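Enquirer: Chains as they are written, first to last, in the working numbering: chain H, 55 to 471; chain F, 55 to 471; chain A, 55 to 471.
Hints are computed from structural coordinates only; laboratory data are not their basis. Some hints here could point you the wrong way.
Intra- or inter-copy, both count: the list cannot distinguish identical chains.
Straight line, CA to CA, 27 Å or less: simulated BS3-like cross-link-like pairs of lysine-lysine [claimed, not checked]:
no., residue 1, residue 2
1, LYS320, LYS443
2, LYS443, LYS454
3, LYS320, LYS453
4, LYS320, LYS159
5, LYS454, LYS320
6, LYS453, LYS159
7, LYS159, LYS443
8, LYS443, LYS252
9, LYS252, LYS453
10, LYS159, LYS252
11, LYS454, LYS159
12, LYS254, LYS159
13, LYS320, LYS252
14, LYS454, LYS254
15, LYS320, LYS254
Note that the structure is predicted; figures quoted are calculated from it, not measured.
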Amino acid sequence: MAPQYAPSLRSRLAPLLLLLQTGFIVVFAFYVDIETHSFNTDLTSNFYAEFQDVHVIVFLGFGFLSTFLIRYGFSGVGFNLLVAATATQWAILLNGLESWYHRGKISLNLRSLVVADMCTASALISIGTVLGKTNPVQLTALALLEVTGFVLNEWLLHSLLRVQLLNSIMQLHIFGSLFGLALTWVLYRRGSEQRFEKEKSGYESGLFSMMGSVFMWMFWPSFNSVLVDERTPERHLEVVCGTYLALAAGAVAAAAVAVLLNPEGKLSLVQLQSCIQAGGVAVGVSASAVHQPWEAMTIGFSAAVLSAVGVQYLKVHMLLAHQCQDTRNVLSTHGIPGLLGWTAHLLLQLWDSEDHTMAIRFAVFHLCTLFVTLTLSLLMGIITGILLKWNFWRTPQDKKCFDDQAFWEFPHLAVRK
Amino acid sequence: MAPQYAPSLRSRLAPLLLLLQTGFIVVFAFYVDIETHSFNTDLTSNFYAEFQDVHVIVFLGFGFLSTFLIRYGFSGVGFNLLVAATATQWAILLNGLESWYHRGKISLNLRSLVVADMCTASALISIGTVLGKTNPVQLTALALLEVTGFVLNEWLLHSLLRVQLLNSIMQLHIFGSLFGLALTWVLYRRGSEQRFEKEKSGYESGLFSMMGSVFMWMFWPSFNSVLVDERTPERHLEVVCGTYLALAAGAVAAAAVAVLLNPEGKLSLVQLQSCIQAGGVAVGVSASAVHQPWEAMTIGFSAAVLSAVGVQYLKVHMLLAHQCQDTRNVLSTHGIPGLLGWTAHLLLQLWDSEDHTMAIRFAVFHLCTLFVTLTLSLLMGIITGILLKWNFWRTPQDKKCFDDQAFWEFPHLAVRK
Amino acid sequence: MAPQYAPSLRSRLAPLLLLLQTGFIVVFAFYVDIETHSFNTDLTSNFYAEFQDVHVIVFLGFGFLSTFLIRYGFSGVGFNLLVAATATQWAILLNGLESWYHRGKISLNLRSLVVADMCTASALISIGTVLGKTNPVQLTALALLEVTGFVLNEWLLHSLLRVQLLNSIMQLHIFGSLFGLALTWVLYRRGSEQRFEKEKSGYESGLFSMMGSVFMWMFWPSFNSVLVDERTPERHLEVVCGTYLALAAGAVAAAAVAVLLNPEGKLSLVQLQSCIQAGGVAVGVSASAVHQPWEAMTIGFSAAVLSAVGVQYLKVHMLLAHQCQDTRNVLSTHGIPGLLGWTAHLLLQLWDSEDHTMAIRFAVFHLCTLFVTLTLSLLMGIITGILLKWNFWRTPQDKKCFDDQAFWEFPHLAVRK
């Protein structure tokens, strides 16, 4: 009976994970050690608290956010943990490549764990688009490729355009969502225009995903500010307060617009979850140019409005017109707010710059940044998609989509005594 | 079909929220900026960690606490987020009025975000009394009025009686609960003596609200200590340890008394949730006079006993005798423990004071504090109630009470493929 | 009707708790005060953030971890809170005995709260073995005895073998699980080979326990590092990074092995929850000897593999061959990884030591440590078991096992209007 259930797991997932994990350990043994100096900047002040908040966003937030499908909760939270645990280790290695090249060793500290968590977050965003239509082997492969692409993008931005780490990391929303969209476009299943049997949310599943969602919402200020240079506490404060206010403004705007757009004039919990994050995303991307609270609030407000419009119309449009099925509204949650943030960054910088030449130079530079990110994310997404289409991975059949039973054992119902 | 469902949302909630949010952004643009000096005290030590804990209490704690009703979970947590996001922005402005008057600008820092979160908490306490019987427009209006009243109370206490911010903020339990009681008394619906059809808790909803409840319970020490002056770390430690012990003592006492009072000799999860917080509330109100662990524990113990008695008898009594329906046991969770904390503060201060005259002066001063808070909270509650009775708000009909379906879209159950 | 439901609660639990709590308050009044000097080391850096993380593990983590049984969620999380609140107070007193003996007073600071939380954690581990088959009176008694035994063990290790506090505290996994196993062996109920009627997990209950589980997983780095001396930040960093990587490696390995061992080749959420913690446990026990990331990862990997094997085979074997029913897989979650951590500690220390004589001395010393812990835990477990068999406690009947209805009032289903 075994082969009929999840053939992908035993013959594919287990060897892949064991191989990967053994490989990681071997590489770590030769090339990674703990940084013993400069720990002072790491462990002072609130870095550790923010590190844990980011950790909560990545492992609990994204995990429970994915439980909104009525029969896909175990997979949502379980595979999220699994994939994130693999991807962070991979990200630590990739991010350390440069240091390895120069020093022969990769130094580990709290900061590198946070950066790895964030690279993982970009992969978890991508996963949102194909949630329910892929098996965990595919998700693991996807995450490794996405993280590779993302780190490559970071490196390109840094070496070609001298973009600072903080700014390139925050591209994770744009990179992750476009990668995911290209991927789900390649992986399109014929007949997806009609909902799958289990592609719907339920009451308890809605509350579970709301829990993940509220945790993400609460901890965005830490996510956006954790990598801000500790030596500029006033910048840190600006980002924390800005994100806080953008999220508040965004939540209020999202609810208002959602009610206006809904045909029955009601709210939808799952849709709301997508829009309330928009403020945090947009301010994160534009963080280094936002200095005034009202700027952050305006960005948050606009991002939430666009996101609410996107959730209501764009998801269906993408599906029907472009054969691009985006399970968790990633385009509206991360993509559009990310692009808005990018635009806001540009406008604010132009506004601030006194010199005309400088302004134009910045605009060109900023456009190049976006161009590199877009190209690389779409390209990598398409390549990954083509790779994942390969029969080798044993993609779940249509009728097994959005269903935990394909992968998870359920408690026996027959008992005695 | 639209008008039959939640007529209040589209024509009332959306315009109100958009208007409010735009207004906030405009006011913030002119009058609010980030405080760039003195950030050092904010960002050192554990202020940020405590700030996040308070954030969790306000947005997640109160939100999930309100999911205990079997068909009101979406509203409980969703409206909580919405109202809190609106109220914090309002509270930031109101709390900054004095600084605006003197300097022309409102300075924003982590401390002002925490204070705003706390003012919001007082509104969320009030909302507990009318949970399920109001629509989100009413909840938003209520929150804005409650926060206004609360800040006014704070200002009166400060300018008339020279009460310190920390002490006046901690009146939030008393102010919030009495405001709520007055409000629900005015908004009484005939026939409420008999339970509404959906006014009951369920199994999963009980666990969800337990989650919110445990988070509040765990983070009370941060809630009570966050505003203690950082320059007196020994006071900080006293409040943290005191709250921790009061909560532990309170939880144990609450369970014992609940079992004794229950007619079947069993525990009730929802009732227990109300009582276990009592210790934290009472110690919070009396924080500035509590120095010894055993004092905190005694206060926690007594508060939990009173709270358990209140939950068992007072709720029904208030409903039948005074036509005051208190959905979330706010009187017993915040009101009575708050008053007990006030009394404990008085007694401890009298006990400590060596001088007879000083003692009497303090007692008079302390009575005045309570008198102002009581008067203002009841008055504002009644005024708010009368305002909310206005037909304009489209109060939900009796049969739509305690029901998410009036406001939330439910996932379509009919699917194909 | 009352006596037929939970006779244990009213006549046993309530008096016990009230007596205990009153006793605690009296003892605290005479012998405990807040430490007013040296608070600096406590409140600097991230101690407070880590304190809260430990708090979350003990009260929320263990609580929701215990909700996996389909009809035992209220008891799982409710009794956990109750027992933990009692046990921490008891642990504060016991841990302070030495200071009381020398100074006549017990000093309270954040550190002593953390240590008390950890002693409580060892009791909560033990409780996992008898979950569902005991009433709250028994759980409270068990927790008090377990904490007593654990503190005694700590004291023995310290006074006989000069083991440092950090190392002896981390024995909590070994002590707690063996105590629990001995206990459940004594309390064995005839006929338990066949599952009890309600001894199974469900869909929502699986997600609730996953929530608790993910919180524990995320906050293990704080749990393992919080007691590391603050004056050696590089040690702190090593433990945090090590635990982080061990957990990641462990989660990946656990999933792979679980799939390989499962007869249907699927994953089981509840089993996975047991294995993913293994890495954190094993690294915690061996923390003081682990310096390289790859060492931590190897330990995490091996612990997870052993734990997954244990969950699949050992639980049933223990039940059928040794009449030892371990409800929450405590042996595989804490026991085996704990022993592996102990072994890893030994091997790493031998590897590091240059001197032959020193190595042998350490091995003997380390063996003695284990011997004392094993003996005391098993002995105390057996004694506690015999004590709890006493009819006085009114053990729940077989048909009431794993059922909330014996202890908790359920919302009335009959309503009017």
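Enquirer: Name the hints, by number, that the structure is in violation of.
Expert: 4, 6, 7, 10, 11, 12
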